[in-house]
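There are 2 protein chains.
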Amino acid sequence: MRSNIITISREFGSGGRLVGRQLAEKLGYKYYDKNLLDEISVENGFSRELMEEDEKRAKNSFLYSLTNAFGAAGYGPDTLSINERFFIAQFEYITRLAESGEKCVIVGRCADYVLREFKNNTDIFIYAPYEDRIKRAVDDYGVDPKDAENMLEEVDKARENYYKYHTGRKWGTHTNYHMSINSGYMQIDDIVDMIIEFLDKRVYFDE
Amino acid sequence: MRSNIITISREFGSGGRLVGRQLAEKLGYKYYDKNLLDEISVENGFSRELMEEDEKRAKNSFLYSLTNAFGAAGYGPDTLSINERFFIAQFEYITRLAESGEKCVIVGRCADYVLREFKNNTDIFIYAPYEDRIKRAVDDYGVDPKDAENMLEEVDKARENYYKYHTGRKWGTHTNYHMSINSGYMQIDDIVDMIIEFLDKRVYFDE
Numbered sequence: 000m001r002s003n004i005i006t007i008s009r010e011f012g013s014g015g016r017l018v019g020r021q022l023a024e025k026l027g028y029k030y031y032d033k034n035l036l037d038e039i040s041v042e043n044g045f046s047r048e049l050m051e052e053d054e055k056r057a058k059n060s061f062l063y064s065l066t067n068a069f070g071a072a073g074y075g076p077d078t079l080s081i082n083e084r085f086f087i088a089q090f091e092y093i094t095r096l097a098e099s100g101e102k103c104v105i106v107g108r109c110a111d112y113v114l115r116e117f118k119n120n121t122d123i124f125i126y127a128p129y130e131d132r133i134k135r136a137v138d139d140y141g142v143d144p145k146d147a148e149n150m151l152e153e154v155d156k157a158r159e160n161y162y163k164y165h166t167g168r169k170w171g172t173h174t175n176y177h178m179s180i181n182s183g184y185m186q187i188d189d190i191v192d193m194i195i196e197f198l199d200k201r202v203y204f205d206e
Numbered sequence: 000m001r002s003n004i005i006t007i008s009r010e011f012g013s014g015g016r017l018v019g020r021q022l023a024e025k026l027g028y029k030y031y032d033k034n035l036l037d038e039i040s041v042e043n044g045f046s047r048e049l050m051e052e053d054e055k056r057a058k059n060s061f062l063y064s065l066t067n068a069f070g071a072a073g074y075g076p077d078t079l080s081i082n083e084r085f086f087i088a089q090f091e092y093i094t095r096l097a098e099s100g101e102k103c104v105i106v107g108r109c110a111d112y113v114l115r116e117f118k119n120n121t122d123i124f125i126y127a128p129y130e131d132r133i134k135r136a137v138d139d140y141g142v143d144p145k146d147a148e149n150m151l152e153e154v155d156k157a158r159e160n161y162y163k164y165h166t167g168r169k170w171g172t173h174t175n176y177h178m179s180i181n182s183g184y185m186q187i188d189d190i191v192d193m194i195i196e197f198l199d200k201r202v203y204f205d206e
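If you read the protein sequences in the order shown, they are chains A and B. When we follow numbering that gives the first Met the number 0, the leftmost residue of the first sequence carries the number 0, and every step to the right adds one. When we follow numbering that gives the first Met the number 0, the leftmost residue of the second sequence carries the number 0, and every step to the right adds one.
One chain only, chain A, in its complex shape (with noise of 0.2 Å):
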């Protein structure tokens, strides 16, 4: 098996953070997410304060329009606030990962976009139907149920949002990925040995 990085997409609520970290946890990788490169971003000076005004930026649909126009209208680097700092000091840790060979999990982050050039990865998006969805936000994230159907369509759609930010691309499309897996008919530990069966079966390329 020679992916040295595994990215896991999710639909909220679909388990998706669980199969990544028992993944990372049987293969003895180590695990990334939003939370951990946002105190690796904390470390390395950015403020947490704006870094959760900036992910809020990317994903309000409204406001991304508004700033691609902007970015289309040709303002550089320079004009770059710390939104695009931010996440771009994201994308680079995350390469470097993928440059100095480390084994890891990645969750979420555009992480499959962001490494697509490296040939070994393997990219997965995990997705679950609507009602089991509902049950692990209320049973498992502690999410009130009147406030359940609400929260799966804004998160969902800010990743969307978020995605398409960065990448241009639409989030979901079973082309970005390797493998989906609708995890509302497997215990998440038989979607990890499907993964692992994926990533010992699958061809690899010489790099």
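Honestly, the hints are just simulated from the structure, not real lab data. Watch out, some of these pointers could steer you wrong.
You can't tell identical chains apart in this list, so a pair holds if it fits in one copy or across any two.
To be verified - No more than 30 Å apart at the CA atoms, straight line, and that leaves these computed lysine-lysine pairs for DSSO-like:
no., residue 1, residue 2
1, 25, 134
2, 134, 118
3, 118, 145
4, 25, 102
5, 200, 134
6, 25, 145
Dock chain B against chain A, hints included.
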């Protein structure tokens, strides 16, 4: 393993049909695709010539929107053309396969949608990178290299139209399937084994 029926939907040139055939063989299941279902229709009295015309109609997106308009305007079964009767007969045949507990693999024919109420069927989508599909079309299907690009585009567009015509849904969207596999990274028999792994690991419902 309790799926009596596995449906395979696939991009042109992804090897999906081969996966379906080998899966059926490995499981000791029957195998159905357009060819066999058309044979059955002809045996049941449908004219092959008219069937082929109707296929073309469903795969033409302009006519799809026209026909849809007629449908929305409330034209009932008496006004159905041979067109509709032929498709309905095939879809009813597929439904009877499921009701009878027949163990089979069905490739294409919107079978995932036709059988959407049967909880224990498994629906798989097979796709592949563009270059791999061109290569398979030329090397394995005998397509003329100068026709391959157009053919890929046309066949998949036709599939998308046919699927939308009959289901109202978007073909290829992950939510239609239990698992989607990029066949560009694995041998056909390994993909078959992955599917069997899914069939063995997934949860089933009392029906």
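Consistency of the hints with the structure:
1. 25 - 134: within (26 Å within a copy, 37 Å between copies)
2. 134 - 118: For residue 134 and residue 118, only the inter-copy Cα distance (19 Å) is at most 30 Å; the intra-copy one is 36 Å.
3. 118 - 145: between (44 Å within a copy, 28 Å between copies)
4. 25 - 102: For residue 25 and residue 102, only the intra-copy Cα distance (12 Å) is at most 30 Å; the inter-copy one is 35 Å.
5. 200 - 134: Intra 33 Å, inter 21 Å, cutoff 30 Å: inter-copy only.
6. 25 - 145: So residue 25 and residue 145 fail the 30 Å test inside a copy (36 Å) and across (47 Å) alike.
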